[in-house]
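Engineer: Below, each chain spelled out in residue letters.
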Amino acid sequence: MGQFLSFPIVEVGLLTFTRHIVYSVIIAVRITFYLKTNASFKMHFARKFSKSTGCFYNDCLLGSPMNKSIPLLELKNISKQFPGVLANDKVNLKVSPGEVHGLLGENGAGKTTLMKMLYGLYQPTGGEIFYKGQRVFLNTPKVALKLGIGMVHQHFKLVPTLTVAENIILGMKDSPNPFISLKKAKQAIAALGEKYGLKVEPSARVWTLSTGEKQRVEILKALYRNAELLILDEPTAVLTPLAAKALFETLDQLVKAGLTIIFITHKLKEIISVTDNVTVLRRGKVIDSRQTKNTTPQELAQLMVGREVVFQVGKEAKEPGEPILQMTDVEATNDKDLLALRGASLTIRSGEIVGLAGVSGNGQRELAEVLTGLRHANKGEILLQGEKVTNASVKELLKRKVAHIPEDRMSQALALPLTIAENIVLHSYRLPEFNQGPILDYPAINEHTAQLVKDFDVRTPGIDVPARQLSGGNLQKVILARELYPEPQLIVANQPTRGVDVGSCEYIRTKLIEARDRGAAVLLISEDLDEVLDVSDRIMVIYEGRLTQAPKNADHQTLGLMMAGEEVKHGQSA
Amino acid sequence: MANQPEQATKRSLFSSLPRIQMEKRTSVPKTFQALVPFASVLVAFILGAIPLFFYGVNPIEAYSKLIQGAFGSYDGLIRVAIKMTPLLFTSLAVAIPLRAGLWNIGAEGQLHIGAVGATWVALMVLNSGSEMSSWVVVPLMILAGAFFAGLFAFIPAILRAKLNTNEIITTLMLNYVAFDIMRFLVAGPWRTSTGNFQTENFPPSAFFPEFFGTQIDKVHLGLPIALIIVAVIYFIYVKTRIGYEAKVVGANPQAAAVGGISQVKVIVWTLTLGGAIGGLAGVGEVAAIQHKLIDGISPTLNPFGYTGIAVALLAKGHPLGLIPATITFSALFVGGSSIQALPFHSIYTGDTIQVPVAIVLVLEVLVIVSIIAGDYLSRYRMSWRRHG
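Taken in order, these protein sequences are the chains called A and B. Per our numbering, residue 1 is the first one in the first sequence, and the count goes up by one each step. Per our numbering, residue 1001 is the first one in the second sequence, and the count goes up by one each step.
Please note that the accuracy of each hint is not assured.
As the list claims (entries may be wrong) - List time: in silico DSS-like cross-link candidates among lysine-lysine, alpha-carbon distance up to 25 Å:
#1 K399(A) with K1265(B)
#2 K336(A) with K1162(B)
#3 K214(A) with K183(A)
#4 K1239(B) with K395(A)
#5 K395(A) with K1247(B)
#6 K401(A) with K1247(B)
#7 K395(A) with K1265(B)
#8 K1316(B) with K1265(B)
#9 K1162(B) with K395(A)
#10 K399(A) with K1247(B)
#11 K1265(B) with K401(A)
#12 K399(A) with K1239(B)
Said to hold, decoys possible - Computed footprint of chain B on chain A; a stretch qualifies when at least three of its residues, placed anywhere within it, have a C-beta under 8 Å from a C-beta of chain B:
#13 413-422
#14 435-442
Read the hints as simulated data drawn from the structure, not as lab findings. By construction, the Cβ of each residue, glycine as well, lies at the ideal position given by its N, Cα and C atoms.
Taking the hints into account, I'd like the entire structure generated from these sequences.
Structural biologist: Right under this line is the structure:
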């Protein structure tokens, strides 16, 4: 064969190769596209829709005037299904132009998921979104921004090493000119800041800014992109009270300038002082939508924590014994280094369940972590059976039989890739019965696990399957089984029944009461008022890092008032 | 806004293609997980056929000669076993911390420090002129190599444990420190009188015992040591308390904290032990292969340390999986270098051509890429569906 013949073959080969590359690129693009949107059928529908109305996607909405009579934003039956979790269940929401709309709900109620769908970060698995009366498909944040929806995330999305101006113009392409004019941008930012009272130095590097200033940069970022609807996700969670006040003033000015704001929070006071209307979410569902002026904090507190199914867990009155836990004047900071516990004091006796009610974010998590050795207490003293255990290690507290049911079971309590057996001995693997020298006695561990799985009725295909295969309720039973062995002295249970099905819920409560009857001291931290009222022997309310004793005959209303920070005198039922 | 039909039709062009539907699995079947490494190697070979084909080499011919070169003869098998020894050590260096969720990218540097440690002992014996038995010298070399390499890995370990520095970066950067320490020694204090960048030859008492093999290549003490360590590490991870603790830290550090497991302890021991074992790779190379420390104890094209990362990935960090994984990679190297010398006929011109050495690198990279892709894809259930 000569050189001549070879060329066409090589060329044909190259052609085929190129074609294959082109195809694979197309396929790759499609894969990424579908991974991102996960809503192919909706795209399909969008195309047909656009043909019928004569405009493509959301383009016909751009620049259309705001009509006061129709809602700026309307969600109809929006649902979001994550694997195993229904985060939003047929949510309906109407936001009128020019209002501050509060979105109230506990942690995990689905507020953030809902807003992420509005900002194009998630795709709804059902339902429709209307913006200015037109159906829209928010596939990416870019689409949302184009329509005028801006979002300030709870955790700021800023590049610390860049300047304020650079952060604000990041990703924007407003002219075909490949060069950016930072000078112009800085002027525009300064003007915007002046207009709305958002004072930030445009050439300052972001890492040098305070949290409040960073938030202002985030708001400016949205305003610079001509946002008409601004979503603020728990904006005050990271702010000092003073910075929060400044934020509220800014919001006032923004509304006056014609912006619409969705304000996500679980702080009742903020809802009352800032919003015009409020929608309450609970377990992914809209519970109620009201005008703020026609409602009260305690009513909202009740709506938020709910009174759904009322269980009656059989419980006999019992005279508490010796104090097990004595905590006095404990102070601790949260992860943001803000003071979360401000002189919290608490005593729990043997054979007593103390229920801790409160709106989340008032220091519950920090309290549980200080008690179990996971967080450092800056001040105060903790005694366990009269012995000082302030800032003792987790290991030491486990040895002293302090059980901990953490708030977040997936991320804090379990190692999901490991087996049920490996998870069940996580707190007891040091005990002599599971060890032979340095070697773990796996037969003994397996036997122990099999017994507990049977005792606690954990529905599992086996004890050597990864924990992630189990449902939420069963996982919580695994945790409970683990914490109740060996017989604990003090149980710190933080939201033990959150996200758990009704049956497991009742079972977990019964088990806590049984532990009390055997003489354990139990701290039950719960956002579910019915649970607190039903299970506890004594109720404390936590508000802004301080604990107050609730009156003996406290009902929903009294507790609601106390959770909203109002003083209730003992014996008085409001 | 105006009618924009073009845009709409442009999009619908895509919709005529079948769509891939991906759905996350709640659990990945065990058989599936076990199949991923094998499938990855297979996929890598298939993809590797593309550059071979364009080069003009018949891929099937090339692969069969590659496999023959590695497994087809006694010589090949011995070479595979020899190449496998340092790879086992370095892949253990990666796999041990990997169980605790830590990435040791520094096996290459630890290998060099281990070699330096062993050389130090050997040169002391040489300079003292004493007639120590190799029963004393060889264990001393092993201990010194492991100790210095472990100490070297302790630096990123303690930084990670106490200051939460990223161990990927620190271990990687320390590699260059290790190279320079070694270069300084062979170019400076330890330089041989002949002038090359190498040390004097070791005294025979500092040679690793050799067992069997051909005239040139002999299987040495390193291989049984490596196999024993594999077994020990397997035992630690499957049976002991410290292995359990490392596993929990690797699976969920937060849960480990709630369980009172000291992360500092786990980070320090896994990384340090990994480093020490990585150092043994260097000890074996100087004590059994080179019999001196030279600049270039680890091949430049396929450095043992970096290849160890790929091996550990192929084994998915499982200690016993390291054995087939090292065999795969060392066969790839041995077979790869054997086919370089062989003449091939171009499928286009019929001319005699040679296979470039880079093809082995290409295959190695393709194996890694397909493992990562396979790992990811095995977590999804995929189906095609066609739209009208």
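Engineer: Against each hint, give a clear statement of whether it holds in the structure.
Structural biologist: Against the structure, the hints come out as follows:
| no. | hint | in the structure |
| --- | --- | --- |
| 1 | K399(A) with K1265(B) | holds, 19 Å |
| 2 | K336(A) with K1162(B) | holds, 20 Å |
| 3 | K214(A) with K183(A) | holds, 20 Å |
| 4 | K1239(B) with K395(A) | holds, 21 Å |
| 5 | K395(A) with K1247(B) | holds, 18 Å |
| 6 | K401(A) with K1247(B) | holds, 24 Å |
| 7 | K395(A) with K1265(B) | holds, 13 Å |
| 8 | K1316(B) with K1265(B) | holds, 23 Å |
| 9 | K1162(B) with K395(A) | holds, 19 Å |
| 10 | K399(A) with K1247(B) | holds, 22 Å |
| 11 | K1265(B) with K401(A) | holds, 23 Å |
| 12 | K399(A) with K1239(B) | holds, 23 Å |
| 13 | 413-422 | holds (count 7) |
| 14 | 435-442 | holds (count 5) |
Of the hints listed earlier, there is not a single one the structure fails to meet.
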